[in-house]
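As a plain string of letters, each chain reads:
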Amino acid sequence: MTSLFRGNKLAVAGLVIVAGLIFVAVFATWLAPYDPATQQLMNRLDGPSWQHPFGNDELGRDILSRILLGARVSMRVAATVVLFSSVVGVLVGGLAGYVGGKLDVFVTAVVINSLLAFPGILLVIALVAFLGPGLDRVIFALTITGWVGFARMARGQVLKVKTLEFVEAARALGASNLRIFISHILPNIVQPVLIQTSIGMAGVILAEASLSFLGLGITPPAPSWGAMLNDARTHLFDAPHMVVFPSMALVMTVLSFNFLGDALRDWLDPKNLGK
Amino acid sequence: MVAFLVRRLALTLPIIWIVVTLVFGLIHMVPGDPVAQMLGEGASVTEVERLRHELGLDRPMLEQYRAYMTGLLQGDMGISFRNQEPVASSILSRYPATMELAVAGTLFSLVLAIPFGVISSVRRGRLADRAIGFFSLLGVSLPSFVLAPLLILLFSIGLGILPVSGRDGFASLILPAVSIGGAFAAFTTRMVRGSMLEEIQQDYVRTARAKGLSERVVLYHHALRNGLIPVLTVIGLQMGAMMAGAMIIETIFSWPGVGRLTIQAIFARDYPLAQGCILAISLTYIFINLITDILYSAVDPRIRYD
Chain A
1 MTSLFRGNKL AVAGLVIVAG LIFVAVFATW LAPYDPATQQ LMNRLDGPSW
51 QHPFGNDELG RDILSRILLG ARVSMRVAAT VVLFSSVVGV LVGGLAGYVG
101 GKLDVFVTAV VINSLLAFPG ILLVIALVAF LGPGLDRVIF ALTITGWVGF
151 ARMARGQVLK VKTLEFVEAA RALGASNLRI FISHILPNIV QPVLIQTSIG
201 MAGVILAEAS LSFLGLGITP PAPSWGAMLN DARTHLFDAP HMVVFPSMAL
251 VMTVLSFNFL GDALRDWLDP KNLGK
Chain B
1 MVAFLVRRLA LTLPIIWIVV TLVFGLIHMV PGDPVAQMLG EGASVTEVER
51 LRHELGLDRP MLEQYRAYMT GLLQGDMGIS FRNQEPVASS ILSRYPATME
101 LAVAGTLFSL VLAIPFGVIS SVRRGRLADR AIGFFSLLGV SLPSFVLAPL
151 LILLFSIGLG ILPVSGRDGF ASLILPAVSI GGAFAAFTTR MVRGSMLEEI
201 QQDYVRTARA KGLSERVVLY HHALRNGLIP VLTVIGLQMG AMMAGAMIIE
251 TIFSWPGVGR LTIQAIFARD YPLAQGCILA ISLTYIFINL ITDILYSAVD
301 PRIRYD
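Residue numbers (my numbering), protein chains in the order written: chain A, 1 to 275; chain B, 1 to 306.
It should be emphasised that the hints constitute simulated quantities derived from the structure, not laboratory data. Just to be clear, a hint being listed does not mean it is correct.
[Claimed, not checked] Now the in silico label distances, taken between C-beta atoms and shown as ranges:
#, chain 1, residue 1, chain 2, residue 2, range
1, A, Thr234, B, Arg206, 52 to 62 Å
2, A, His235, B, Ala268, 23 to 33 Å
3, A, Glu165, B, Val217, 42 to 52 Å
4, B, Arg7, A, Arg179, 35 to 45 Å
[To be verified] Okay, the calculated bits of chain B under chain A, using three or more residues with CB under 8 Å as the criterion:
#, segment
5, 138 to 145
6, 276 to 289
For glycine and all other residues, C-beta sits at the position ideal for the given N, C-alpha and C.
The following block holds chain A by itself, in its conformation from the complex:
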C-alpha cells in the first residue's frame, strides 16, 4: 500500500483531503461555528470577516457553517449511493458475466443499454422531476443510474477472471457455482471495484450538486453546496464570495476523489508493475 503513495503527491493530497472531509462530515455539527440555518439579516451578504471567515449569504447565514454541514450532506448522499450501486452493480453485472447466456444478454443488451440510452444526468433529473425532490428520492435516482457503471465493470472483470486456472481448479475440486462466485471470483475483482468507488464518489457528489443547483435535489433549509451555488447566482455582482467558497469546497472534494481514483488505477495497472 505504501507504494501507492510513494512519489505520488497528488494521491497523498487526495487521501488527506478525503480523510479531512470524512472528519468534517462526521463532526460537522460540532465544528460549525454557527447554526447553519440561523438568519442574521443584519449581516446579509457581508463579505469575509473575522467573525464569519467565509462571509454571509443573502439571509445572513454563516457560509462556513453551511459549507461544513453541506459536506455532511454530500458525503452522506455519495456514500449511500455508491454503497447501494456497488453492491447491486457487482452482483448483477458479476452474475451476468459468470452465468452468461440469456441472463447476460438480458442484463447487458436490455437493462444496461436502455439505462445508458439517456445521456449524462438526464435520467436522474427526469426521475427526480417526476418523483419530487428530497434526500431519499435523490439517493434513489442516483442509485438507479449509478449501479450501471459498476455492473459493466464487474461483468468485464468476471468474464476475464472466470477463465483463469484457479477457478477451474476450484470447480475440479467440486466447489459449487455459488461458492466459486463468492469466494473465488469476487475477491479477485475487488481492486477495480475500489477504483470505481473512488471515481463514483466524485461523480455522485457532482451529480447531487447539479441537482441541488437546479433546485431538484436536497430540499432547503438543509445546506447543500449545489443549492448554495444556485443562491449565489443572483448575487454575482454584489457578493461574489457566495460563489467562491462553495465552489472551492465542491471542486476540492471532487478533485481529491479523482486524484485517489487515478492513483489507484495507475497503481493497480499491470503495465506499471515494477515501476
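Chain A is already provided as a structure; the job is to place chain B on it using the hints.
Then chain B, alone, in the frame of chain A:
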C-alpha cells in the same frame, strides 16, 4: 458495410422503444395524483377531472400507451398544459439554439484537447505532461455550474467584454460554449493522450521514422490520424451529454434552448412538455451515437468485423 448498418439499426430500434416506454411511464411515477399536482392546491374537482380527461389519464393504461405511441409516430407529443402549444413545436423552435451550443462546446473542447493531448503524449512524464495532466483532472472536477459563474465574474463583470446572458450573436455564445465544453476538453485531452501513446508504439510509426520523416509529419500525419479514431466515439458521446448539460448551462445563461425549456417545464409541473423534452434529448443522444458508430466503422473498417 450494409450488414453492419442493418445490425446497428436493429440494435437501436428496441432501445428507442424502451426509452419511449420509460418516458411514457414517468408521469405515472408522480406520487399521488399527477393531475392534481399540475393544477396545484385550490383546483376544483371538475377542473381536475377535465384536465385528466384532456390528457387521457382517465383511460386504461394500455389504451393510454397505444395513444401515446401512435401520436409519437405521427410527430404528436401532446399539448403543453401551461401554454396550450403543441409540445413538438415548442421543442422544435428551441432545438437549434441547443444544437448551436452543443456544436460550439464540442468545437471548443476539441481545439483545446487535440493539441494538448498530443503534447502530453509526446512529452510523457515531463513537466508539460504533468502540468496538462493536473489541469485536465482539475477540468474534469470543475462542474459547469462552478465554471460558468467564475467566467461571468471574470469576463462579464470584471472585464465587461462578454454578455452575462441571452442569445444575441457570437459574443453571447462564447461563455456558454466554454462553460459547457470545459469539462469535456479536459476529458478528451486525457483520451487523446492515451490513444496517441498507443499509436506512437506501433510499427508503422517506427517505419515512418526510419524513412527519415520529420517528427512533426510522423506525429500529425501518421499517428494522429489513427489516434483520433477512438476519440471520435467520445465526441459523439460528448455531444449527446452536452444536450443534458445544456439544462444547467442554458438555465444559467438564459439561453433559449431545449435544456432551459425542460427545467421550466419541470418547475411548472407541465408534465407533457417535460416528457417531450426528455424524450427529445434522449433521442438526439441515441441518434448522435448511431451516426458516430457508423462514421467510426467507415473510418476504421476493422470495427465492422468485430
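Each hint tested on the structure:
no.	hint	result
1	Thr234(A) / Arg206(B): 52 to 62 Å	holds, 59 Å
2	His235(A) / Ala268(B): 23 to 33 Å	holds, 25 Å
3	Glu165(A) / Val217(B): 42 to 52 Å	holds, 47 Å
4	Arg7(B) / Arg179(A): 35 to 45 Å	holds, 39 Å
5	138 to 145	holds (count 6)
6	276 to 289	holds (count 5)
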